[in-house]
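Enquirer: What follows is each chain in one-letter form.
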Amino acid sequence: MTKFEYDTAITGIGRSDIGRRLGRSGLDLTVQAARAAVSDAGLTMADIDGLVAWPGEYPAAPGFNGPSPWRVKSALDLELSWHLACQEGPSQFTPVMAAAMAVSTGMARHVLVYRTTEEATAQGTGKRVLTNGADQGGVTGFLQWHRPFGAVSAANWLALNYQRYLHETGSRREQVGWLAVNARRFAAGNPAAIYTAPLTIDDYLGARMITDPFCLYDCDVPADGSVALVVSAAETAGDAPQAVAIEAVGSAVSARTEWDQWRRPTQMAAQDAARHLWSRTDLKPSDVDTAQLYDGFTFLTLVWLEALGFCAEGEAPAFVEGGRNITLGGALPLNTSGGQLSAGRLHGWGHLYEACLQIRGEAGARQVDGAEVALAAAGGGPHGGCLLLTKPR
Amino acid sequence: MRDRPIGDGMTRAAGELPLPRITPETGFFWTSGADGHLRVQRCPGTGRWIHPPRPDSGPKGEYTPVPTPVSGRGTVFSYTVNHQPFLPAIEPPYVVAIVELDEQEGLQLMTRLINCDPEDVRIGQRVRVVFERHGEVFLPLFEPDTDVNTGAAA
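If you read the sequences in order, they're chains A and B. Just so we're on the same page, this note's numbering is the position in the first sequence counted from 1, plus 94. Just so we're on the same page, this note's numbering is the position in the second sequence counted from 1, plus 3.
Calculated from the structure, these hints are not laboratory results. Hints may be right or wrong, so weigh each one.
What the hints assert, rightly or not - Examples of chain B residues toward chain A, derived with CB under 8 Å:
#1 Thr29
#2 Val84
#3 His86
#4 Gln87
#5 Ile93
#6 Val99
#7 Met113
#8 Thr114
Claimed, not checked - Computed spacing ranges between beta-carbons, pair by pair:
#9 B:Arg24 to A:Asp333: 31 to 41 Å
#10 A:Gly232 to B:Pro96: 39 to 49 Å
#11 B:Gly138 to A:Gly264: 42 to 52 Å
#12 A:Thr351 to B:Gly64: 37 to 47 Å
#13 B:Asp120 to A:Arg350: 26 to 36 Å
#14 B:Arg24 to A:Asp463: 50 to 60 Å
#15 A:Thr351 to B:Glu108: 39 to 49 Å
#16 B:Ser74 to A:Pro292: 46 to 56 Å
#17 A:Arg165 to B:Pro95: 20 to 30 Å
#18 B:Ser74 to A:Thr351: 23 to 33 Å
#19 A:Ala154 to B:Pro95: 24 to 34 Å
#20 B:Pro27 to A:Arg487: 47 to 57 Å
Every residue, glycine too, gets a C-beta built ideally from N, C-alpha and C.
In isolation and in its complexed conformation, chain B is listed as follows:
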């Protein structure tokens, strides 16, 4: 499974989900998966990763953050198994999680975990990005990272 071409075979019809609008500020993030890489803003001066996107960085706002590829690997910081049919587009139960990316402590984002049994999800679990394509949007979802088997708690 881990060698599956990212973005292939997981295409859903556009419009089923509430999808993000591609804007000048955030478009890079939502379309990044087209080449298989998740990108996050990085400050060219301090080297710090920044999310969600912002216009400038540095102590005096003197740098323009640059969308930069990340490893796509991270750890489950917290999660919830949603059972309520809030959205017709996603069949419950499904797992919403906050994933902390490996690049930096506190570099985190909300996402959905797939390719796993909701019963098995744990805080501290290792995960990796996998993209779900909706037209030009490549949603960064995460799945258990089978390359590691730490089972460690955060």
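Chain A with its partners taken away, still in its complex shape:
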């Protein structure tokens, strides 16, 4: 098998300030994260010859998108041999995979990849548009099957899967709530997390419903922030102070891509991406020291746990109940940054940043002892992508 992954390395990581309603532009946050990442890689902007973002500025969704590569190129005075932005693809990690393929094919040597969001600020000013762009002239595309019925948020769409999952498996919300409790516990050790006050399972069960069975604490926290990485050609990684190797990517999709056409509640792109990832490596789920699994909603973490083989189908709620399996010293320390539930919604990029920190041994109070293999997964519905990261080979 051709493994383009082995031609690449993550040589630098950076992030901006992250918080609620920072009141700064997405471009400003992106520049901050980008400078941090490039500096971390031991490079200068003159070394960067590739640039990729998820999703770019189109279709227009102010607050959600972040700045386009064109604008970031100008702001950073980059000279590029290759650039891209794309929303449809194997999850919010699409740019990392695309960057890796670009360096593997020789299109670029050092690709800056980033994800930026200003959702908290946009929400505060009433300009957040639920990621969907404008409805002028009538709703088209996949949204026409949802928005006219009041199903306007991914919370609504995924609550339908979650309700069916509870129905079919007999699982209970008070089991799943431990994902939120675990996230908050880890967030207390993350200086960049947004919410760090202790959260109990009783707090969870007493929270207001958003869209049944999702309560407030099943939903992640809109944030302002930017995360950037540098994906470099592997032969240059020796110059980087702290490189992380990409062992395998999972990008497949065979599931229906319409949010209302699934038949099994966990039948999403996550299943296909996970299967694909394990087909590209000799490592096994049991080799993973820590997992950073998407938690835009708690239910999506259940889906990833089962898709990736950490739990049998229908057994993720029992696995996370009580929190022992998923904390430090447990079978699978999970979402050690506090995830999006407590550290803020960076669309998988907080998870990716944390996975790199864990491999580098820089996760502070929440460091998994001796972590050498980390898994980061992002997305729900038709979006599904995952990355298996290791110490340098």
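Given chain A, work out where chain B should sit, using these hints.
Expert: Same frame as chain A, now just chain B:
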């Protein structure tokens, strides 16, 4: 209630909701309720029902799917009671559901359930279509089907 003329007395002002654009591909679906019938594409070769609409069907794409009336009856496949005021046009709580139509296993669509207490909605519940008119758009919503009382779980 079940004999109420479909589409009458439920007219809302256009523009309150995010309404679908009438396009060549999907217009038949959104305007179908004008004569009281929900229509879904059907393959003239295989007899299979198809949703969402697509340009061709059959093993080699040799057929043009035909919008065809369905019974408008089905079963709640899953649902969520939305409490968050996402849209000014619809007062929460309201019920979003995926309904599986009787015509074929897996023939399903997202919709809103009306004329019911959100507390009473269950997976497996029998429902039937009722149209809410917005200008030329007839939104296919669903209500409990009082002709049957199965109470069965899916």
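Enquirer: None of the hints should be skipped; say for each whether it holds.
Expert: Each hint, compared with the structure:
1. Given hint, threonine 29 of chain B at the interface with chain A, holds; its Cβ is 7 Å from that chain's nearest Cβ, closer than 8 Å.
2. Among the interface hints, the one on valine 84 of chain B holds; its C-beta lies about 4 Å from the nearest C-beta in chain A, closer than the 8 Å criterion.
3. A cut of 8 Å between beta carbons decides the hint on histidine 86 of chain B: the least distance to chain A is about 5 Å, and the hint holds.
4. Hint status for glutamine 87 of chain B: holds, given a least beta-carbon distance of 5 Å to chain A, under 8 Å.
5. Satisfaction of the interface hint for isoleucine 93 of chain B is found here, the shortest Cβ-Cβ separation to chain A being roughly 4 Å, below the 8 Å cut-off.
6. For the restraint placing valine 99 of chain B at the interface with chain A, the shortest Cβ-Cβ distance is roughly 5 Å, inside the 8 Å limit, so the hint holds.
7. Annotation: methionine 113 of chain B was flagged as interfacial toward chain A, and the flag holds, the nearest CB pair being 4 Å apart, inside 8 Å.
8. Look at threonine 114 of chain B: its Cβ gets to within about 5 Å of chain A, closer than 8 Å, so that hint holds up.
9. Separation of arginine 24 of chain B from aspartate 333 of chain A is about 53 Å and departs from the stated range, judged on CB atoms against 31 to 41 Å.
10. Between glycine 232 of chain A and proline 96 of chain B the Cβ separation comes to about 26 Å, which falls outside the hinted range of 39 to 49 Å.
11. At roughly 45 Å, the beta carbons of glycine 138 of chain B and glycine 264 of chain A sit within the given window of 42 to 52 Å.
12. One distance hint, 37 to 47 Å for the beta-carbon pair threonine 351 of chain A and glycine 64 of chain B, is violated here, with the actual separation near 19 Å.
13. For the pair aspartate 120 of chain B and arginine 350 of chain A, the supplied restraint of 26 to 36 Å holds, since their beta-carbon distance comes to about 31 Å.
14. Taking 50 to 60 Å as the suggested C-beta distance range, the pair arginine 24 of chain B and aspartate 463 of chain A conforms, at roughly 56 Å.
15. Between threonine 351 of chain A and glutamate 108 of chain B the CB atoms are about 20 Å apart, so this pair departs from the stated range of 39 to 49 Å.
16. The hinted range of 46 to 56 Å is satisfied by serine 74 of chain B and proline 292 of chain A, whose Cβ atoms lie roughly 53 Å apart.
17. Between arginine 165 of chain A and proline 95 of chain B the CB atoms are about 38 Å apart, so this pair departs from the stated range of 20 to 30 Å.
18. About 28 Å separates the C-beta atoms of serine 74 of chain B and threonine 351 of chain A, a value consistent with the hinted range of 23 to 33 Å.
19. One distance hint, 24 to 34 Å for the beta-carbon pair alanine 154 of chain A and proline 95 of chain B, holds here, with the actual separation near 27 Å.
20. Checked against the hint of 47 to 57 Å, the pair proline 27 of chain B and arginine 487 of chain A passes, with Cβ atoms roughly 54 Å apart.
Going down the numbered hints, you'll see the structure goes against 9, 10, 12, 15 and 17, while the others check out.
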